[in-house]
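Work from the hints to combine the two standalone chains into their complex.
Chain order of the listed sequences is U and R. Just so we're aligned: the first sequence equals residues 1 to 111 in my numbering. Just so we're aligned: the second sequence equals residues 1 to 115 in my numbering.
It is worth saying that the hints were derived from the structure and are not from the lab. Source: prediction; values computed, not measured. Beta carbons are placed, not taken as given, at the ideal position from N, Cα and C, and that holds for glycine. There could be a bad hint or two in this list.
[What the hints assert, rightly or not] Derived Cβ-Cβ restraints for the label pairs, each shown as a range:
1) U/76 / R/52: 22 to 28 Å
2) U/40 / R/54: 28 to 34 Å
3) U/18 / R/70: 45 to 51 Å
4) U/19 / R/3: 42 to 48 Å
5) R/40 / U/26: 29 to 35 Å
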Amino acid sequence: KQEVTQIPAALSVPEGENLVLNCSFTDSAIYNLQWFRQDPGKGLTSLLLIQSSQREQTSGRLNASLDKSSGRSTLYIAASQPGDSATYLCAAMDSNYQLIWGAGTKLIIKP
Amino acid sequence: KAGVTQTPRYLIKTRGQQVTLSCSPISGHRSVSWYQQTPGQGLQFLFEYFSETQRNKGNFPGRFSGRQFSNSRSEMNVSTLELGDSALYLCASSLAVGGAPYEQYFGPGTRLTVT
Numbered sequence: 001k002q003e004v005t006q007i008p009a010a011l012s013v014p015e016g017e018n019l020v021l022n023c024s025f026t027d028s029a030i031y032n033l034q035w036f037r038q039d040p041g042k043g044l045t046s047l048l049l050i051q052s053s054q055r056e057q058t059s060g061r062l063n064a065s066l067d068k069s070s071g072r073s074t075l076y077i078a079a080s081q082p083g084d085s086a087t088y089l090c091a092a093m094d095s096n097y098q099l100i101w102g103a104g105t106k107l108i109i110k111p
Numbered sequence: 001k002a003g004v005t006q007t008p009r010y011l012i013k014t015r016g017q018q019v020t021l022s023c024s025p026i027s028g029h030r031s032v033s034w035y036q037q038t039p040g041q042g043l044q045f046l047f048e049y050f051s052e053t054q055r056n057k058g059n060f061p062g063r064f065s066g067r068q069f070s071n072s073r074s075e076m077n078v079s080t081l082e083l084g085d086s087a088l089y090l091c092a093s094s095l096a097v098g099g100a101p102y103e104q105y106f107g108p109g110t111r112l113t114v115t
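Looking at chain R on its own, in the form it has when it is part of the complex (with noise of 0.2 Å):
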């Protein structure tokens, strides 16, 4: 069974300029969470997407946005890019049995540089 996969896998941008950021999730996998790393703050929650509904959101500025398709993939959207949003952008796919989140798959990231 293929892993979570994340297009592209590095990304060079200006300030000021907007990404989009793709997952693709294990088959049969309902639930596609976003996660931000950085050496300062570590590791922090974006958002989690469950059948095209966003159910949770971390504390991101309103820049960072999300959707997800009906066959599960998701995007995620950095608008007005700062130097503070490199950082490497991590997707976790879950079974979600019954509407909750289980065990939780990370893809390799994509890392975004600003510049």
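One chain only, chain U, in its complex shape (with noise of 0.2 Å):
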């Protein structure tokens, strides 16, 4: 049964730091990996998608990447700003296409 675990669960940055959120899961068969944003009371923003088959995916200050082999993908943000303060969530897709989540990690960023 996929588990995947993200960690830490709670992080707080000063403005301008790059830093990396953690994700891993225990079944490395899956379909695509995908990475989230939850704004307090919100829905969800995907912010990246890495297929099975993708070391990695740039979207602006983002930057994820996958590693099957050891279970892992992380989730870089360079150069963070106040208003990048979410709970970024992070989700396996098994192959019965059924997205499997992580617990997410808090990101508070300090003016």
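Pasting the structure below:
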């Protein structure tokens, strides 16, 4: 049974710092892995999707990597800004097209 | 292009009642998935529909059901509501090229409170 873990659960950093959020999964047979952000009381915004055959994806200041052999994905945020404050969730899609979710990392960027 | 829409946005029901939530996917998307989000359990998969067929179902009791219409719009129904059904219900649509879901786009959710 696939399990997804995100570390750390919470992170507070000063504005301008580069940071890394971690996501690990137990079953390497994933279809893809997707990173989302969720603002308080809101829905989910898709940030990046990495197909199982890919190693990384980039969008602006965000870079996500995928290492299926080690069961890990990282989300790198460059030059963090207060507007990046949110909860970041990773989700692995299994062969049944079901997203298995991590519990999220709550990120606070201090001005 | 309009995003995923969900109605209603907020709902208050009492125990024992039933409720129907609606989701309109992005135009052209044929796959619709439903998720439940609670503070204790996080995000959990309910079911996924493609071309009016339920392809997969999560580990939820039979009180939770859904359907998809020919225009890809989807509804989910919860019967005999329990306090524990209070949650944010999220719908996601996907282009599903060749039937396989690709990037999932989420609606704003329906917040259901059961009293």
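Cβ-Cβ distance between residue 19 of chain U and residue 3 of chain R: within 42 to 48 Å? violated (28 Å)
CB of residue 40 of chain U to CB of residue 54 of chain R, is that within 28 to 34 Å? Between residue 40 of chain U and residue 54 of chain R, where Cβ atoms are some 32 Å apart, the hint holds.
Taking 45 to 51 Å as the stated bounds, is the beta-carbon spacing between residue 18 of chain U and residue 70 of chain R within them? holds (48 Å)
Using the Cβ atoms, figure out if residue 76 of chain U sits within 22 to 28 Å of residue 52 of chain R. Given a distance of about 40 Å, which is not inside 22 to 28 Å, the answer is violated.
Given the hint of 29 to 35 Å, is the C-beta distance from residue 40 of chain R to residue 26 of chain U inside that range or not? 21 Å Cβ-Cβ, so the 29 to 35 Å window is violated.
In this structure, the earlier hints numbered 1, 4 and 5 are contradicted, and the remaining ones agree with it.
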